[in-house]
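The listed protein sequences correspond, in order, to chains Z and X. Heads up: the first sequence is residues 1 to 287, going by this note's numbering. Heads up: the second sequence is residues 1 to 170, going by this note's numbering.
Nothing false has been slipped in among the hints.
Straight-line C-alpha distance at most 20 Å; calculated EDC-like pairs for lysine to aspartate or glutamate:
no., chain 1, residue 1, chain 2, residue 2
1, Z, 20, Z, 7
2, X, 70, X, 18
3, Z, 43, X, 144
4, Z, 43, Z, 30
5, Z, 260, Z, 250
6, Z, 260, Z, 54
7, Z, 260, X, 89
8, Z, 20, Z, 3
9, Z, 43, Z, 3
10, Z, 216, Z, 238
11, Z, 260, X, 78
12, Z, 43, X, 113
13, Z, 43, X, 89
14, Z, 27, Z, 3
15, Z, 260, Z, 248
Just so you know, the hints here were simulated from the structure itself, not pulled from any lab data. On a predicted model such as this, the values are computed, not experimentally measured, just so you know.
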Amino acid sequence: MTELSDELLVAYVDGQLARKQTRAVEKVLDQDDVIAARVDALKHAHARLEAAFEAILAGEEMDVSAVSAPAPDGIVIEWRTAKMALAAIGIVAALLLAIAGYGWPLSLPSIMAPPQVETGAPQGVSEAPGWQEQMARAHALLSRDSLEVGLESQANRDFVTLQLAQILGVNLKLPNLQPQGFRFVRAQALRSGNEPVTQILYLGSRGGPLALYAKKGEGDDTLTAEQYGSIGTVTWAEGGVAYLLAGDVEDTVLMRLATKVKLEPLLPLRAASRPFTPVNGALNSGG
Amino acid sequence: MMPRLKRFADVLVGARDEGTSLLGRALRCMLDEQHRYQRGTSLDVWAFAEIYRQWLFELRGHALPVAQAKIDDARFAELFYPEVDGYLDAPVAAFLAGLPAQQRLTLLLVYGEGFNHEDAGRVLDVAPDTIAARLVRISAALADRLSARPPAPAAAIVETLYPEGLRGSL
Chain Z
1 MTELSDELLV AYVDGQLARK QTRAVEKVLD QDDVIAARVD ALKHAHARLE
51 AAFEAILAGE EMDVSAVSAP APDGIVIEWR TAKMALAAIG IVAALLLAIA
101 GYGWPLSLPS IMAPPQVETG APQGVSEAPG WQEQMARAHA LLSRDSLEVG
151 LESQANRDFV TLQLAQILGV NLKLPNLQPQ GFRFVRAQAL RSGNEPVTQI
201 LYLGSRGGPL ALYAKKGEGD DTLTAEQYGS IGTVTWAEGG VAYLLAGDVE
251 DTVLMRLATK VKLEPLLPLR AASRPFTPVN GALNSGG
Chain X
1 MMPRLKRFAD VLVGARDEGT SLLGRALRCM LDEQHRYQRG TSLDVWAFAE
51 IYRQWLFELR GHALPVAQAK IDDARFAELF YPEVDGYLDA PVAAFLAGLP
101 AQQRLTLLLV YGEGFNHEDA GRVLDVAPDT IAARLVRISA ALADRLSARP
151 PAPAAAIVET LYPEGLRGSL
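The whole structure should be built from the sequences, with the hints applied where relevant.
Shown next as structure tokens:
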């Protein structure tokens, strides 16, 4: 058995070794199962640490969204604006933006307010509604009956995901919200202008449907809550997909669900295990 | 960046509400003493370092700083928001809670923030070699614990509460 110190192995796992050293370690790993197992254990430990810290951060981001979203009478600063400001403007203004974005009352009247600050207009009344608002308004037209009657089964989740990904042109999440009390009912394709939008529908034990909309595109990766009439929404973007979770549910519940979806890893696409039976016309036609 | 600063403060003090409080005080200090910020310094490195300095400054005011720095396991576990996403890696949470603050932060900066050893050292006011040495000790200890090997001696993870540069003045 070859003796390699933890010092060397940790440096290897962390990518801190020079190329020549890395190759030497890899050569040993090919020949020594004990050392390979130790490296696996170190990698496993690091992966769990990263996941733990990521989970804490996801909670903090949820707090930021929850604090900044329902403040119609106060100063509203988009988190993206704050992040851009941190990079582009002076330290004082950047910190002020960040603090205000976090929702903390800070009385520092001697410090000039930064130009990026916007006084709060009522939410949901922007002049040109985006696709999220359009989807939220369309969502209000769905009822419980529209999902419960005469629908084909979509039991093959892998295939549904594959179909939706083909429609969007990018892989996306099809989360299982059963542990949270929302069962998957069906998925279909909609359209916003000329761009495809997918809709994944769930039903809870009561109330109207919950929908996860997805559209190809970039955006802010932070969870952002909005309210359009009775429909609450949470938006974010990741992996080249902009997501919108919408439903007539409590905003805290919606935010928790969105956090859960965001934390889920994006699974690689897998081919369908059995021949495809079209689940509905929208899926079949790609729009 | 604010969620990242909040996570740093939370992991440092081991509780959500105290982390918020510490971060608020540190931010006020940053605003008051923003002249110390040097252009070219990464803003997040500077901000993390200021929070850490604030914590050290306040800790020195306590009669028993070591006892003061200890954290509660249950409150630390709350940082993982298990009620939100169902994620709580209990063994890892317990392991982190049992580490000295400097070692928790070392892990956070390197594996949570992706900092290199130099930047992590700047935040914690230690040499990059110290960061590397801590990572070896802690990684080995965690890997042992998760794979049920005999744990490393407790003395291996004892840390001073004070950064190396300040020891002589205390």
